[in-house]
Amino acid sequence: MSATITLPAQVEKKKTREGFGRALVALGEQDPRVVVLVGDLTESTMVSFFAERFPERFIEVGVAEQNMMGIAAGLAAAGKIPFLATYGAFASCRAADQLRVTVAYTNLNVKIGGAHGGISVGPDGATHQAMEEISIVRSIPNLSLIVPCDYWETYKATLAAARHTGPVYIRFGREDVPVVTEEATPFTFGRGEVFAEGRDLTIIACGVMVYEALRAREALLERGITARVVDLHTVKPLDRLLIERCAWETGAIVTAEEHQVNGGLGGAVAEAVVRAHPVPMEFVAVMDRFGQSGKPEELMEAFGLKARHIVAAAERVLERKTRP
Amino acid sequence: MSATITLPAQVEKKKTREGFGRALVALGEQDPRVVVLVGDLTESTMVSFFAERFPERFIEVGVAEQNMMGIAAGLAAAGKIPFLATYGAFASCRAADQLRVTVAYTNLNVKIGGAHGGISVGPDGATHQAMEEISIVRSIPNLSLIVPCDYWETYKATLAAARHTGPVYIRFGREDVPVVTEEATPFTFGRGEVFAEGRDLTIIACGVMVYEALRAREALLERGITARVVDLHTVKPLDRLLIERCAWETGAIVTAEEHQVNGGLGGAVAEAVVRAHPVPMEFVAVMDRFGQSGKPEELMEAFGLKARHIVAAAERVLERKTRP
Amino acid sequence: MNPATAHAIEAVEAHRAGRLLWSEARLREQALAVRRDIVTLLVQSQTGHSGGPLSGADFGTALFFHELNVDPARPDWPERDFWHFSIGHVTPLIYSLMAERGYFPLRDLMKFRRFDGHLQGHPSHHDTPGIEVSSGSLGQGLSVCCGVALAARLDGHPRRVYCVMGDGEQQEGQIWEAAMFAGHQRLDNLCGIVDYNRKQIDGDVEDVCGVRPLADKWRAFRWNVIEIDGHDFGQILRAFAAARAHVGKPTVILAHTMMGRGVSFMADDYRWHGKPPKPAEGEQALQELGTSFAEWSARLLAG
Amino acid sequence: MNPATAHAIEAVEAHRAGRLLWSEARLREQALAVRRDIVTLLVQSQTGHSGGPLSGADFGTALFFHELNVDPARPDWPERDFWHFSIGHVTPLIYSLMAERGYFPLRDLMKFRRFDGHLQGHPSHHDTPGIEVSSGSLGQGLSVCCGVALAARLDGHPRRVYCVMGDGEQQEGQIWEAAMFAGHQRLDNLCGIVDYNRKQIDGDVEDVCGVRPLADKWRAFRWNVIEIDGHDFGQILRAFAAARAHVGKPTVILAHTMMGRGVSFMADDYRWHGKPPKPAEGEQALQELGTSFAEWSARLLAG
Ligand SMILES: Cc1ncc(C[n+]2csc(CCOP(=O)(O)OP(=O)(O)O)c2C)c(N)n1
Ligand SMILES: Cc1ncc(C[n+]2csc(CCOP(=O)(O)OP(=O)(O)O)c2C)c(N)n1
Ligand SMILES: [Mg+2]
Ligand SMILES: [Mg+2]
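Residue numbers (this note's numbering), protein chains in the order written: chain F, 1 to 324; chain W, 1 to 324; chain H, 1 to 303; chain B, 1 to 303.
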């Protein structure tokens, strides 16, 4: 049972990180085991809501991400359900070894909130634009990864992470982004959602690129092309069945992610596709380069991450699909 | 111009890390700018040869991999050509943020020797068996990655890393492994080598799996199947032209790596394949699980990384190739 | 701390079911058995670390057979203290202590690092009952212990938390992140123990990258510091008691030890950090320890 | 150090072509210009950090206009000293110092953090001439500076190496790895400067995760420690001279400063760590600094 999403001309915008922050408060109310850690980024990761509501379960670690990951591990080993928050660049890189050995190898129930994922982080520039998270997190056993597409999905992903036993990484962004789902839109951890049907190709996207994919679908429709749009929020474990079905039924795939092209969502999909039903694919992603400062919109444009780039990729893939 | 490699029944074995250690001495002799850093692992990374020969250019950092990466960066910024050595798990994870921001974003001329890559590390167990390096390193812009297959190739890869301006990560192993190349075998940074010709499928391998691929080829030949074997030592930058040619000419690909299946060599090849010429692929790799203690041979067997697993994968992929 | 206070505290704590509170004499005997285990299992495995396990055998024995409140039959007993070796490479010591204390049969030690055993080269929660958190990458353990200590405080749980570190390991920055945090949070239910054997893989710690003055460092990170001879059971027990009694700060015990302690040809020699004795060497070592491989391995296999 | 020694050293060093050796009075004037630049470029960009750049403006000015041996026209002049801000977020300060010193035109400051400018949110070697190593992820800079200092020693090069750190940044363990290494290696060509403004993003450093007693920490890591009022040019210059003269140990200058210094409503307020003044606030700030946005932006655009 899938939601079909049609966008109005004007879509409300909201921060994904706010979805994270609000969900933490809901979790804090439901379960006294939920604790939240932060590395000197309370406001910008929006764990401030939790901090206000549950000061006694809020742990400020300071600028020490390795330590934060380890403390979260210890809290989990003692029966807590710790959520930690920092920028994705630091969660995935600065604390990578702690994530791998202490958290993932032990398979501890630690939840990692990686804020500021993607080029849309904007003026802070390359160091703060996390674009290697999917590759890194995906390679580590036992670890799950969710890249929600909007406010509501981030909210639900955060709740789902708490329900899942084991380490989960949630990647979200900085900016206000279009709210394409509703409170009632189905969300199942580990399952992609078909957000719009189509026969000619499938656009598989995660994060803010889901919105761009839906817009691209509209543009393609005008040219008589019907694109299926899949919101692949859970990048790991991968919904291989859905991907295989899309390859089979539509015969061409475009992936869209606000992430490096090497080993990201596109890579995950390609790995599934060649093992089941090889079809032409095109990748809309950051082409193996560091980010830079600028306005989010400028950067999405300059790095080739807008609906029109998905449209162009769709046209390329369709040409390859029909060519024998 | 490619070497064709036929293995004798008994192949000499040698440590890849020794190739690294010996090449450093050669480099030290050629170029006074070459310096070597180590994080309390002088013997086991075999930088001991360099340490003995050039004690004044040998820097012991202690157990502090983040710092070692940063010091190497500073040395490079001051015109040195630093090679650092530690276990791959720590080079790629413990110092991931330093690798990303200080080294790769600045694009500094730092060379990273990651020893103890793969399950064949053996009795030390999971923490010391680096199997996420390809995914991590591949995702970071500006960074190159070589995974040599034997002693001589590690030797040449180390020399090539010094010739290349920019950061290079070299991944090698712990154990004695078959020497499949010779001193004279061609090695070009950034180019895969066809080690044996074949028409029915291509086996693309790196590291010790190149030997297993050559053995698998022999077994397949007995069944009347000719497999091309490609040694894809440089995983980044990727030799896309060669991969595309293999897909086109042989119509099926098996990848073989001593690494996690997610985002590794197989992922890199799959990404290239679906963008150019989609063909069925099978992956011989570690299936998203942590390693464990045991003898190297036992583990290679248990984790499905022997020639016979490549043979089985080849048979699966051929069945898919011929099925419409 | 004056002895009267120490006594009072001992009395209060004695009710804690899982503490053995063994005497110095008995501990000394047990530590000898632990050293025999270490050498025997290393001779058997022919892979693994000798030096650190032997230097830590005395305070390790005191920790397991006097200090810790645990129930090996129920590794997840909610009342248990939390112990963790941040130096994951000293598995010969850890597993010996665990087996001797009853976490699993002694015979398992003979399958150390083997594919068909459950005793991984570095401690694995997934494989070995009683290992709470996996380790093996140095420098990570004190942070874990901070988390456990914090959880205990949040829950008003009386458990204590013990973290064993190496002196070479002090070079890892994460240790100092955790030290700063614990000092800041005044985690007085946390006790660190540094195996100050002055050696690491590449040689003398002071040659590799000196950690001196180590006591000053910990003090400057707001810890209570106790320096002891890590082979003197009297000093070890008094240090544990003092740590237990100290209010308002975490305590670190700098246990001055000798790498390879107990085996003449390993003593104080960094080259024994990471290798096992060959069978003949092992035999000599076991003779020095008053037994033989045949005798002691038979004891293990029967246990 | 006694003043005579200091003078002798100054004399020896004066020949170094790239040092400006400006007087306190002139530095004070220049620091005012730097503060005006900072506020002006932030008003223009409407994104970026205010607090740290203003607290570091005085010692930053002393570093660039007195201490450093550099040639902005030749950023790769082989004789140059090496300077590095480990706190990459204080780019408004860094870029102002660079522009005022002549690395690039003042007008470039008006394109701070813009897509069409070369001044990234955090320092980028790739984009900005004179930035030697990119930064922005805290805690990494001192290691880089250790590497440069080590290279200088290997080459017998007389260059000095300066590393600016934050006080919140002291929570990163990598700092202590580097500190331990530099102390061990006796890198006396290395000088660290901590902007001890007592604030970080989430509030008071001592509330977030206290770094006190900071001088004791550095001393225990074998550094020469100098504590100064980081807004007093006399003290700043004497500290630099003392660092230069100190043999056998690296020196860290703990510069006690005030976040947001120079703008009344920002002073000592952590909430100004990471945000720019709105135009009206900026106007008020610039009035306090004796200019206006119109006047100062015109100066920048003309420069
Ligand atoms: C992060 C990390 N880096 C390096 C290693 C490899 N290693 C294992 S033990 C060791 C030396 C540790 O020295 P110390 O803490 O003094 O232990 P001891 O030699 O006394 O047993 C090193 C470098 C590791 N396990 N983890
Ligand atoms: C590794 C890392 N973690 C977190 C951040 C986000 N961050 C930027 S500045 C800052 C606070 C630093 O405090 P301090 O060093 O005192 O600088 P000040 O606030 O005084 O400018 C933080 C946490 C970062 N840039 N890098
Ligand atoms: Mg030691
Ligand atoms: Mg500060």
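Treat the hints as calculated values from the structure; they're not laboratory data.
Heads up, the beta-carbon is just placed ideally off N, CA and C, and yes, glycines get one too.
There could be a bad hint or two in this list.
[As the list claims (entries may be wrong)] Estimated spans, in silico, between C-beta atoms of each pair:
{"hint": "1", "chain 1": "B", "residue 1": "Pro-279", "chain 2": "F", "residue 2": "Lys-13", "range": "38 to 48 Å"}
{"hint": "2", "chain 1": "F", "residue 1": "Glu-43", "chain 2": "W", "residue 2": "Glu-249", "range": "51 to 61 Å"}
{"hint": "3", "chain 1": "B", "residue 1": "Asp-269", "chain 2": "F", "residue 2": "Lys-13", "range": "45 to 55 Å"}
{"hint": "4", "chain 1": "W", "residue 1": "His-164", "chain 2": "H", "residue 2": "Gly-290", "range": "55 to 65 Å"}
{"hint": "5", "chain 1": "F", "residue 1": "Pro-237", "chain 2": "H", "residue 2": "Arg-153", "range": "27 to 37 Å"}
{"hint": "6", "chain 1": "B", "residue 1": "Arg-186", "chain 2": "W", "residue 2": "Asp-31", "range": "49 to 59 Å"}
[As the list claims (entries may be wrong)] Computed list of chain B residues with no C-beta within reach of chain F, every gap over 10 Å:
{"hint": "7", "residue": "Thr-47"}
{"hint": "8", "residue": "Gly-139"}
{"hint": "9", "residue": "Gly-156"}
{"hint": "10", "residue": "His-246"}
{"hint": "11", "residue": "Gly-274"}
{"hint": "12", "residue": "Gly-290"}
Each hint, compared with the structure:
| no. | hint | in the structure |
| --- | --- | --- |
| 1 | B:Pro-279 - F:Lys-13: 38 to 48 Å | violated (24 Å) |
| 2 | F:Glu-43 - W:Glu-249: 51 to 61 Å | holds (57 Å) |
| 3 | B:Asp-269 - F:Lys-13: 45 to 55 Å | violated (30 Å) |
| 4 | W:His-164 - H:Gly-290: 55 to 65 Å | holds (59 Å) |
| 5 | F:Pro-237 - H:Arg-153: 27 to 37 Å | holds (35 Å) |
| 6 | B:Arg-186 - W:Asp-31: 49 to 59 Å | violated (27 Å) |
| 7 | Thr-47 | violated (4 Å) |
| 8 | Gly-139 | violated (7 Å) |
| 9 | Gly-156 | holds (34 Å) |
| 10 | His-246 | holds (28 Å) |
| 11 | Gly-274 | violated (8 Å) |
| 12 | Gly-290 | holds (29 Å) |
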